Amino acid sequence: MKLFWLEIYKTFSRWRTYIGFGFIALIVILTEVVMKLSAGEIVNRMMRSPQKDFLIFGNVLNGWFVTAFIMNSLHFHIPFLIALVAGDMVSGEATSGTVRFLLIRPPSRYRIITAKYVATLFYTTGLVIFLGVVCILPGLALFGSGDLIAHHYGKFGIVFIPEAEIPIRMLFAFLAAIWSMTTVASIAFLLSTLVENSIGPIIGTMAVVVVFLVIGNFPFDFFWSLKPYLFTTYMVFWQRFLDDPIPWQEIVRSATILGLHSFGLFFIAFGAYARKDIKS
Amino acid sequence: MKKILLWLLWIPFLLSPGLIQAQEDPARYLDALQKKYSGLKDYTVDVNVHFDIEGFKAPDMQAKLYCKPPDKMKIESKRIFFLPKEGGTFNPSMFRREDFDVKFLDRLTYEGGNAVKLKLTPKKKKRNGQDFILTVDTDRNLIREMNVSSFEGKEVKALMKYSQFSDFDLPTRIELHLDVPFYESMEIRDFGQSAQPARRVTGRVEITYSNYRVNVGLSDEIFDETTPSKWRKGSSGGR
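Note that the protein sequences, when read in sequence, are chains A and B.
Under numbering that gives the first Met the number 0, the first sequence has 96 at position 97, and the numbering climbs by one with no breaks.
Under numbering that gives the first Met the number 0, the second sequence has 112 at position 113, and the numbering climbs by one with no breaks.
Only chain A is shown next, with the shape it has when bound in the complex:
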């Protein structure tokens, strides 16, 4: 536990840890202010499809709608912010020259790597919770509350979630988002144990995420057949909590696949760190 808090202290002593929080606060608040100023245009754009056939009354652009909109927009960018810190967790020790000092101390390598990994997950969780707080609180203050219209842009399909159900669904959605980001953090963490500088793991993680997303979205049969084997396919399973009925089976499957990825990646990192040569 002491090791864990030490890692947390080290993590939050670095200025780069706060880049993610700062970026999220800036982008989310800016987005919310812009959405407030051009509310009509945004509603028209988002609801273009249903507005063809329905007259829509009521507070569609409420805090929950804005939160779902921002989550949809940012879930490709958050991995970069996570990689920024997770990619530095182990390799940072090599860069700063403290790795030998660390590994000759009494705590075993297993305890050190586990503490670092848990600290990485702590940061990941904190970042996603921060995103949730920054989205929801100013969102509700600026736009008010109401029922949530979950509409997949460009597709005919509307899910109407009553206001009373939204907080618990959002809680589950954010927990799912944390779970998804854990996989990204695990990739960055593994790469961080393999190299001795931080840039490689950060760029490497983003390269993996971007390449997988691109492959998964190419409109060719070959790439479509690969989609089930890409972890990025399951990363958006938080959206399923805004579906009706909630597809629990699909959620459990996605969560399991992502969990296995995270565990597998940590296991490899664990093995790599145990065998790490610090003498050369």
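Just so you know, not all the hints are guaranteed correct.
Residues from chain B shown here face chain A by an in silico Cβ test under 8 Å; the list is partial [what the hints assert, rightly or not]:
1) 58
2) 79
3) 81
4) 82
5) 160
6) 164
Rather than coming from a laboratory, the hints here were simulated on the basis of the structure.
Since the structure is predicted, the reported quantities are computational estimates derived from the model, not experimental observations.
The beta-carbon is built from N, C-alpha and C at its ideal position, and this holds for glycine as well.
Position chain B relative to chain A; hints supplied.
Below, chain B without anything else, positioned relative to chain A:
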């Protein structure tokens, strides 16, 4: 010769129903509708909308509707409320003779009563390319069915049930059958969408009306900024 003359005398009688039908002004049925509701100054009603549309997952929605013909409408709802654009509301001023080219299609029996089928083509709203086929109960001067079709391929059929409130027959239930094309946006998945045919979305919407209050003297102020443009003169489309 006598036989030929006899047959010639019969010809006008044989042709007369068709001639009468061709000569009668079909717009008079619209006039009768207008006349029937000329005393309807305003009304308020509670509306419940039930959706049964593929891909549209929503519970029943409730609202209070305020209407002041010819062009004022307000929806009051604590929650988000969706109302179908076509056939979702009853506005007796919707079909005025001066706004449509009216064509007589058929005379028929509807639920044991006399009815006519009319085709209405908007004179001004050509932009929408919408045609209306109305089945009008000529005994009670009521629109019983309305079929709306647009050049985009949208098909909406509305079946209406009425009850009498303060001497006016007002709808208690409108059942809409929707069959509309939907083009998936190219931004969402790939870049070959333009070649793809539209997917059709079908479903049913059931609108029930209750607690009518007729001619209660609604003031114009309560409708400020809330009337959908569809109801305003010389324009079309949604809110």
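- Taking the numbered hints from earlier one at a time, note which ones the structure violates and give those numbers from smallest to largest. Violated hints (numbers, rising): 5 and 6; every other hint is consistent with the structure.
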